[in-house]
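Colleague: Please build the complete structure, drawing on both the sequences and the hints.
Heads up: the sequence shown begins at 62 in the working numbering, then just goes up one per residue.
Take the hints with a grain of salt, since some may be wrong.
With a cut-off of at most 20 Å between alpha-carbon atoms, the simulated EDC-like pairs for lysine to aspartate or glutamate come out as follows [unchecked claim]:
id, residue 1, residue 2
1, Lys180, Glu246
2, Lys211, Glu199
3, Lys278, Glu138
4, Lys136, Glu146
5, Lys255, Glu122
6, Lys211, Glu224
7, Lys182, Glu146
8, Lys288, Glu276
9, Lys136, Asp280
10, Lys255, Glu224
11, Lys255, Glu109
12, Lys255, Glu146
13, Lys496, Glu536
14, Lys387, Glu319
15, Lys387, Glu332
16, Lys468, Glu538
17, Lys461, Glu432
18, Lys387, Glu411
19, Lys546, Glu495
20, Lys461, Glu414
21, Lys524, Glu536
22, Lys273, Glu285
Computed Cβ-Cβ distance ranges for the label pairs, DEER-style [as the list claims (entries may be wrong)]:
id, residue 1, residue 2, range
23, Leu348, Ile405, 55 to 61 Å
24, Glu146, Asn183, 19 to 25 Å
25, Asp503, Leu279, 24 to 30 Å
Just so you know, these hints were derived from the structure itself, not from any lab. Predicted, not measured: the structure shown is a model, and the values here were computed from it. Cβ atoms here follow ideal geometry from the backbone N, Cα and C, with glycine treated the same way.
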Amino acid sequence: MEKEISNGVLANKLKLNKNIEQLTNRKLEKENIALLDENTELKKKLLEQAEYEQSKQQQLEFLTYLATVTFSKNKVETIIQSLLERCASFLSTSCSYIYCHEKASSPLTKGVENEFNQKIKNSINEVNALQVIKNIKEAQSETILLTSEKFYHSESLMAPNIEYVVVLPLFSILNQYHVIAVFFENDSNLDSLKLQTLESGRQLVSIAIRRKLAEIKLDKKYSELSKVNTSLKNTQKQLTQSEKMASIGQLAAGIAHEINNPVGYVMSNIESLKDYMSQFDNFFSLLIQENKEVNHTSDPDNELEFLLEDSKEIISTCIGGLTRVKAIVQDLKTFSHSGSEGFIIFNLNEAIETVLNLISSEFKYDECDIETKLTDTIPAVFGTKNQIEQVLMNILINAKHAINKDKGVITIETFASSEFVFLHITDTGCGMDEKTKQRLFDPFFTTKEVGVGTGLGLSISYKIIEAHRGFIEVESEINQGTIFKISLPIPE
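Modeller: What follows is the structure, given as structure tokens:
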């Protein structure tokens, strides 16, 4: 009996222990599950924190890179290309730089070189540019997220392959909007934090681009003002030179007038002396003849005859010299009145002869010959004669300097067509290279030594011919000489 009771108690204890063990195991299992869940949650949080930190690091690198590029690069194109490449890398997709006006065009697309990227390049013409511009204006030029239906035309073949397009407006010029378009096949890569970073980057780049464009505009204005300032300075120098030339002309005219009076007296007296010498010659000739007949003698050394003949030659030489002086004075008076006369009908050959008389002394002792081939029946031209003479003088003096001390020839030729009278002045001088020819008519450009020329002669000549509705051209090669071709219209 006692044994049975003892076995029953033992069985109950074993059962109780088993129940306790089961309860403990279940409790441990629950605690293990809770710990596993907590560990999983912790791992998840740590992973999210790591991803967040990585995302923050990427965003920081993205913005830092853009800040470095935007403030270190000088070209707008370089800044845009850097933004495009960084966006494609940052968002792991394809991006395009697009001009939006009436139509869209894209010179640049970046992204992984795959079929999707190539399709985007080929679909730029399908962009609904007007709709995109409208959306940009409504968003006040901030970053906008568009569906493919609002970005492409309805008939676009690319629209079904793209779900979203993020548009980053950069700047606009003359109603042409320049934007970066970021393409997403689905919403898996759309990250609000990255899009916020993208907007910050856009603002940074937009400010930098506007600053660069302002600098370019300012540089252009500065360049234009510098050109205007230089032009004004050149004009001022030309006016100063013109005033000096006018003063010299007035002085020359006064001197010529003063010289002309005594020359007139001397010329008149020499002419009278010539008449007297004619009478003396007749008288002494008769006297010599009578002496021969009466005394049957003559002057063995012919001294008297020599004196008479030599006196004639001296008087003739004096008359020739005075005629030359008178012609030079008259030409100087005519030339010194530059600008004082209006447009008149005149013969170009006569102007050439006047200039040749004036500058003959320049060529008198130089190894330089002047040949003329002037057409006698050349039509008259309409213009300011002494200004054309000034052009001729400038070109001829330059030709003389080009020949320098070498033996050379200057040829002056005139001929005409039905509309123009042509003047060609050719020299056998040193010639010019292409660079010199391009600057030949620039004010104050000269190849002469300092103090020899002002650099205004050909510049003024060009303006004079232009004012006469004519043309002046130059043909020249190094060591081959130069030819100036002037064309003046024949008056109707």
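Colleague: For each hint, tell me whether it holds in the structure or not.
Modeller: How the hints compare with the structure:
no.	hint	result
1	Lys180 <-> Glu246	holds (12 Å)
2	Lys211 <-> Glu199	holds (13 Å)
3	Lys278 <-> Glu138	holds (16 Å)
4	Lys136 <-> Glu146	holds (16 Å)
5	Lys255 <-> Glu122	holds (12 Å)
6	Lys211 <-> Glu224	holds (10 Å)
7	Lys182 <-> Glu146	holds (15 Å)
8	Lys288 <-> Glu276	holds (18 Å)
9	Lys136 <-> Asp280	holds (13 Å)
10	Lys255 <-> Glu224	holds (18 Å)
11	Lys255 <-> Glu109	holds (15 Å)
12	Lys255 <-> Glu146	holds (15 Å)
13	Lys496 <-> Glu536	holds (13 Å)
14	Lys387 <-> Glu319	holds (12 Å)
15	Lys387 <-> Glu332	holds (14 Å)
16	Lys468 <-> Glu538	holds (18 Å)
17	Lys461 <-> Glu432	holds (13 Å)
18	Lys387 <-> Glu411	holds (17 Å)
19	Lys546 <-> Glu495	holds (17 Å)
20	Lys461 <-> Glu414	holds (17 Å)
21	Lys524 <-> Glu536	holds (19 Å)
22	Lys273 <-> Glu285	holds (18 Å)
23	Leu348 <-> Ile405: 55 to 61 Å	holds (57 Å)
24	Glu146 <-> Asn183: 19 to 25 Å	holds (20 Å)
25	Asp503 <-> Leu279: 24 to 30 Å	holds (27 Å)
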